[in-house]
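*Asks:* When you get a sec, could you build the whole thing from the sequences and use the hints?
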Amino acid sequence: MGNVDAIVVKDMWKTFRLPHEKRNTLFESITGIFDGKQDYEEFLALKDINFTVKKGEAIGIIGENGCGKSTLLKVIANIFRPTKGSVKINGKITPFLELGVGFQPDLTAKENIYIYGAIMGLSDREIDARLEEILDFSGLKRFEDTKLKNFSSGMQVRLAFATAIQTNPEILLMDEVLAVGDMEFQQKCMDVFQRYIKEKKTIVFVSHDLNSVRRFCSKALLLRHGEQVAFGDTNEIIDRYVYGIDVEKDTEDLQPDPEINEPRKLKEDIEGDKTRWGNKKVEITDVKFIDKFGRESTMFNSGDPMTIRIKYDVNEAVDDIQIGIAIYSDNDIMCYGTNTDIRGYVADNVVGSNEINLNIHNLTMTEGKFHFTVAAHSKEQAPYDWRDKQFSFNVVKKGNDAGLFDIPCEWKQ
Amino acid sequence: MNKLWDYRHLTLKLAMSEFKLRYKNSVLGFFWSMLEPLMMLIVLYVVFTNLMHVNVEHYQLFLLMGIVSWNLVARGTGMSLNSILGKPSLVQKVYFPREVLVISSCITALLMSLLEFVVFAAFMIFFKVMPSITIIYFPMVLVVEFFMILGVSFGLAALNVYFRDVQYIWAVVLQAGFFAAPIIYPISIIPENYVWVIMLNPMTRIIDMLRGSVIYSTVPASGDMIYIIVSALLLLIVGYAIFAKLEPGFAEEM
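Respectively, the protein sequence lines represent chains A and B.
Going by my numbering, 249 is the number at position 246 of the first sequence; the sequence numbering is gapless.
Going by my numbering, 229 is the number at position 216 of the second sequence; the sequence numbering is gapless.
Derived by calculation from the structure, the hints in this document are not laboratory data.
It is possible that part of the hints are untrue.
Claimed, not checked - Sample of chain B residues lacking proximity to chain A, with all beta carbon distances greater than 10 Å (derived):
id, residue
1, Leu-34
2, Arg-88
3, Val-208
What the hints assert, rightly or not - Facing chain A, from chain B, some residues (calculated, C-beta under 8 Å):
id, residue
4, Leu-23
5, Ser-30
6, Tyr-108
Beta carbons are placed, not taken as given, at the ideal position from N, Cα and C, and that holds for glycine.
*Replies:* What follows is the structure, given as structure tokens:
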């Protein structure tokens, strides 16, 4: 058992035909033949996917919207067939792509439990034994003989979930269905998920919630535009995703707002600009956030190091320059501020272009978008160039701690 | 096939729930479903006995058996046509052999027809016609009819996913079939030279044998029996071949 592969995907390609005009009738197809035009486009949804999931392993599939995550899951579930290559499955698959598949609104909750259970692979006898548990778990005991159409959508999801988890899956495919529902429901889902992990079920998990992937999955698969970018250790893969290491030409797109990094343009409307002011004796020309791989980025893992590279031009000789920064949370709370003087550093004041780095050892904010202010000013706080919240970066959650900031700590007894 | 056997539970479950749904929403659900063939019976009976002077022994029963067994064809294929297309979530969100959907639709149709045969039995009692031992052929012929319908249904259900007008074409075919098979008239009114044409249609022989075994206490001719079994098998093979060929693309085409 131990070493058997549960899922082997080999050289798998999947293309879809996207008709320009959908031909749904025989008549259209026959006339279409005489047109002689090929009026569909081939859309490459998945390109050369290769990976293996061992029994008892949990893997996460991550990537941007439309990168092929759900398609891949459907191919594994045998709903779509690969165009090329092969997918070998060893074990019984239970797909959780949608909850409540096959629910009949005109039948009662109880009848629906039996139907849905049958679809998910449970026999009547198995459901008989678990009916009480399902009704308890969903909290719908009182409504067991009520027609499903009289249920709220939340109640339907609860009923579906309670039934679905009674199945005894060998291989579990999970799309983001479980991301619906209230806090309590989500917690229940997480508990069940945890239980499956403990029971050493094979799990393929698709999610945008990188934190859950990190928590549950030992391995991850990163997709980009249908291509398999990387497969391996979760933390490593998430880093690659967050920092976009593999995106060579797309770096430009990662800039939060191209105008922010266009000082020339900003200069023109400096008079009316409420986010930038100063006498321009010193001018801040560029700010870059550098990740631990030495690449420019706007996404950072919580707890990772970051270097802020500030470029400034000294246009006129000035006695002293202080470079200051401030970080604001998205709801405008100032989180931190410092400058060269406070830190006992003297910034170069040579006329011409200069560069200064601020090395942050670890980003202690837990998650969210942060706005960044840079200013060059004199000792008397007279601003040369003040760029107020003109820059921003995002922090991606790593642990499960709550709040704005991580405080290094440990429990002891 | 082995794989399908594993899903027999699900197949029956889906068939039963569909069957239940048909009769659930109206108190008189069952009654209404009976009304349609009975109304048809009355109209046809009046027209054909009084205006056309069809001379058949137990014409009421003759007619009703024809209508009910044809209804099984019309309903089975009609429901199966939409069995794939009408259940997108079952096709696109979970996986089980898609044959299950077609088979369960045919079973639902069979269950509904069984109810109609119960009504037919009541008519037999009413007209004081007692069946003889030949009635044992009735279930046999019915089983052959069921598999023939299943074969046609496989092909139609699959084609309908790709070409939506199959359902309209089929409606016309069914309409024509109602008159092409000896449902309202006996084979004897067909001119001698053309009998072989109407006998090509397996439904002709099936209806004839069902009537014979229940109403007229006749034993089916073995030639007829072989003919319908072979045609049912052929239709099943062809229909399933079409289904198997098209099945991989179902989820994408919908």
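*Asks:* Does each hint fit the structure? Answer for all of them.
*Replies:* Here is what the structure says about each hint:
no. : hint    : in the structure
1   : Leu-34  : 6 Å, violated
2   : Arg-88  : 20 Å, holds
3   : Val-208 : 33 Å, holds
4   : Leu-23  : 5 Å, holds
5   : Ser-30  : 5 Å, holds
6   : Tyr-108 : 5 Å, holds
Violation of the numbered hints given earlier is confined to hint 1; every other hint is satisfied by the structure.
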